[in-house]
Amino acid sequence: MALNAKTLSDEEYFYGHKACAGCGGSLAVRMALKVLGENSVAVLPAGCMSAVGFNFPQLCFSNNAIISTFAGTASMLTGIEAGLRAQGITDFHAVGFAGDGGTADIGIQALSGAIDRNDNIIYICYDNEAYMNTGIQKSSLTPFGARTTTTPAGENIRGNLRPKKNMFEIVAAHDIPYAATASIGYIDDFINKVEKASKINGTKYIHVIAPCPTGWGVATDETVDIAKEVVDCGLWYLAEYEDGGYKLNYRPKKFTDAADYLKRQGRFKHLTDDDIDIIKASRDKKWAYIDKNFK
Amino acid sequence: MKPYLRDKIPVGFEEIPDAPAYEAGYLVTKNAGWRNKRPVINSQKCVGCLRCYMYCPDGVIYKKDGKVDIDYDFCKGCEICRKVCKIGAIEMEAEK
Ligand SMILES: Cc1ncc(C[n+]2csc(CCOP(=O)(O)OP(=O)(O)O)c2C)c(N)n1
Ligand code: SF4
Ligand code: SF4
Ligand code: SF4
Ligand SMILES: [Mg+2]
Numbered sequence: 001m002a003l004n005a006k007t008l009s010d011e012e013y014f015y016g017h018k019a020c021a022g023c024g025g026s027l028a029v030r031m032a033l034k035v036l037g038e039n040s041v042a043v044l045p046a047g048c049m050s051a052v053g054f055n056f057p058q059l060c061f062s063n064n065a066i067i068s069t070f071a072g073t074a075s076m077l078t079g080i081e082a083g084l085r086a087q088g089i090t091d092f093h094a095v096g097f098a099g100d101g102g103t104a105d106i107g108i109q110a111l112s113g114a115i116d117r118n119d120n121i122i123y124i125c126y127d128n129e130a131y132m133n134t135g136i137q138k139s140s141l142t143p144f145g146a147r148t149t150t151t152p153a154g155e156n157i158r159g160n161l162r163p164k165k166n167m168f169e170i171v172a173a174h175d176i177p178y179a180a181t182a183s184i185g186y187i188d189d190f191i192n193k194v195e196k197a198s199k200i201n202g203t204k205y206i207h208v209i210a211p212c213p214t215g216w217g218v219a220t221d222e223t224v225d226i227a228k229e230v231v232d233c234g235l236w237y238l239a240e241y242e243d244g245g246y247k248l249n250y251r252p253k254k255f256t257d258a259a260d261y262l263k264r265q266g267r268f269k270h271l272t273d274d275d276i277d278i279i280k281a282s283r284d285k286k287w288a289y290i291d292k293n294f295k
Numbered sequence: 296m297k298p299y300l301r302d303k304i305p306v307g308f309e310e311i312p313d314a315p316a317y318e319a320g321y322l323v324t325k326n327a328g329w330r331n332k333r334p335v336i337n338s339q340k341c342v343g344c345l346r347c348y349m350y351c352p353d354g355v356i357y358k359k360d361g362k363v364d365i366d367y368d369f370c371k372g373c374e375i376c377r378k379v380c381k382i383g384a385i386e387m388e389a390e391k
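Those protein sequences? They're chains A and B, same order as listed.
Under the working numbering, the residue at position 289 of the first sequence is numbered 289, and the numbers go up by one with no gaps.
Under the working numbering, the residue at position 4 of the second sequence is numbered 299, and the numbers go up by one with no gaps.
Keep in mind that a hint or two might mislead.
[Claimed, not checked] Below, a list of computed lysine to any residue pairs in the SDA-like style, where the Cα atoms sit at most 20 Å apart:
1) B:K297 to A:S9
2) A:K228 to B:V379
3) B:K358 to A:G88
4) B:K297 to A:E38
5) B:K359 to A:K228
6) A:K34 to B:Y321
7) B:K378 to A:D260
8) B:K325 to A:E11
9) B:K381 to A:Q58
10) B:K297 to A:E11
11) B:K297 to A:T7
12) B:K297 to A:Q58
13) A:K34 to B:K359
14) A:K18 to B:K332
15) B:K381 to A:A219
16) A:K18 to B:E318
17) B:K378 to A:V218
18) A:K18 to B:W329
19) B:K359 to A:N4
20) B:K381 to A:S9
21) B:K358 to A:E11
22) A:K6 to B:Y321
23) B:K378 to A:G37
24) B:K332 to A:K34
25) B:K381 to A:E38
26) A:K228 to B:K378
27) B:K358 to A:K228
28) A:K18 to B:G361
29) A:K6 to B:V323
30) A:K6 to B:K332
31) A:K18 to B:K381
32) A:K18 to B:K358
33) B:K358 to A:L8
34) B:K325 to A:N55
35) B:K297 to A:F144
[To be verified] Pair ranges (Cβ atoms, derived):
36) A:N64 to B:E390: 31 to 41 Å
37) B:G343 to A:E169: 39 to 49 Å
38) A:N39 to B:V335: 41 to 51 Å
39) A:N39 to B:E390: 54 to 64 Å
40) B:I304 to A:K285: 49 to 59 Å
It should be emphasised that the hints constitute simulated quantities derived from the structure, not laboratory data.
All figures in this text were calculated on a predicted structure; none of them were measured in a lab.
In this text, a Cβ means the ideal position worked out from N, Cα and C, and glycines have one as well.
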């Protein structure tokens, strides 16, 4: 049976944390742990979720949790899984929560190695599209056009020049047992993907869009709404990779206007109509690819 | 069980552990002071759909008698619950 508000555990494992009001990343961590339960061993590298979760003596994880080196989320998961297995413990989930910077830039080598060994771990990338904890610097998952402190918007250069790295398909290209994209705006889809991952042997990767009101320049109550809109306007998609093939989980009948999605965020306010046309064209190209290659 | 505030706040070196490990879920400070406005649930209107419970980033909305209630010690006043409630059962009230 599919997991939902009624069947999901009532326990809270990420509580009293110091994330900004309305933080999308904290919702992703909270929900994943409600699915995985008390016997999860969580690994968090440098980034907002470790910064807001471990402020001794305020320790906001009610399950076992540890901060890893920035680059070492996946390798620490490997070690935890091997160590518990060596002690004969089988009833646990080694789960990592790393940001976009900690995943697509800094932790990509360790992640690639873990997938190559097919270690039995769950790796969740909560993607807020920049290095938020240090004050909004560009990562390779920052989308084209976004203003960050290292990709400022001026007259000549209008925010980030590079497209968002395709982490989902990079991971899938390892022929991983299970990979998925998700958004906290579609929370039921996300929790069911976490649940599915928890039952698969080998390495699992879930890439969840988790808006950051502070870095995106939106109000604290807009987080969930905007995480839904990014899917509805086609700039993100809900999909899975399994048994060597891609599957699309949701196809919006008609995209909502991507310009509305962009213009409501401070980080995109500077974009011109031409910039927005570039973004729409790359979206349409991506969807042509999805329609051709995803089931 | 919801994690709860502890009576004992470790202060001083003798109470701080030697090893870099400590009891999980040990809470000593509230987040209530972050709020300018508090969400108030109109239990007449609430139909117990649990959308607010699912989307609260802080997990401070909990199930109660087929409806929901809020742990104000840790609510930050983000208003996500108000926004996701489709029938307008949550209103914000200014904190005094
Ligand atoms: C080796 C190393 N380099 C840099 C830092 C500083 N640092 C801490 S958190 C952070 C940003 C992390 O960004 P991301 O992984 O996207 O997570 P977010 O903060 O956005 O949640 C940086 C650069 C560090 N702690 N360690
Ligand atoms: S800066 Fe963004 S990601 Fe970090 S805690 Fe605040 S809202 Fe969450
Ligand atoms: S205002 Fe925010 S933190 Fe408070 S109960 Fe609503 S969603 Fe949760
Ligand atoms: S979203 Fe509204 S109706 Fe649904 S449980 Fe919450 S307060 Fe009640
Ligand atoms: Mg980030």
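>> Which constraints among the numbered hints does this structure fail? Numbers only, ascending.
In response: 3, 5, 9, 20, 22, 23, 24, 25, 27, 28, 29, 30, 31, 32, 35, 38, 39
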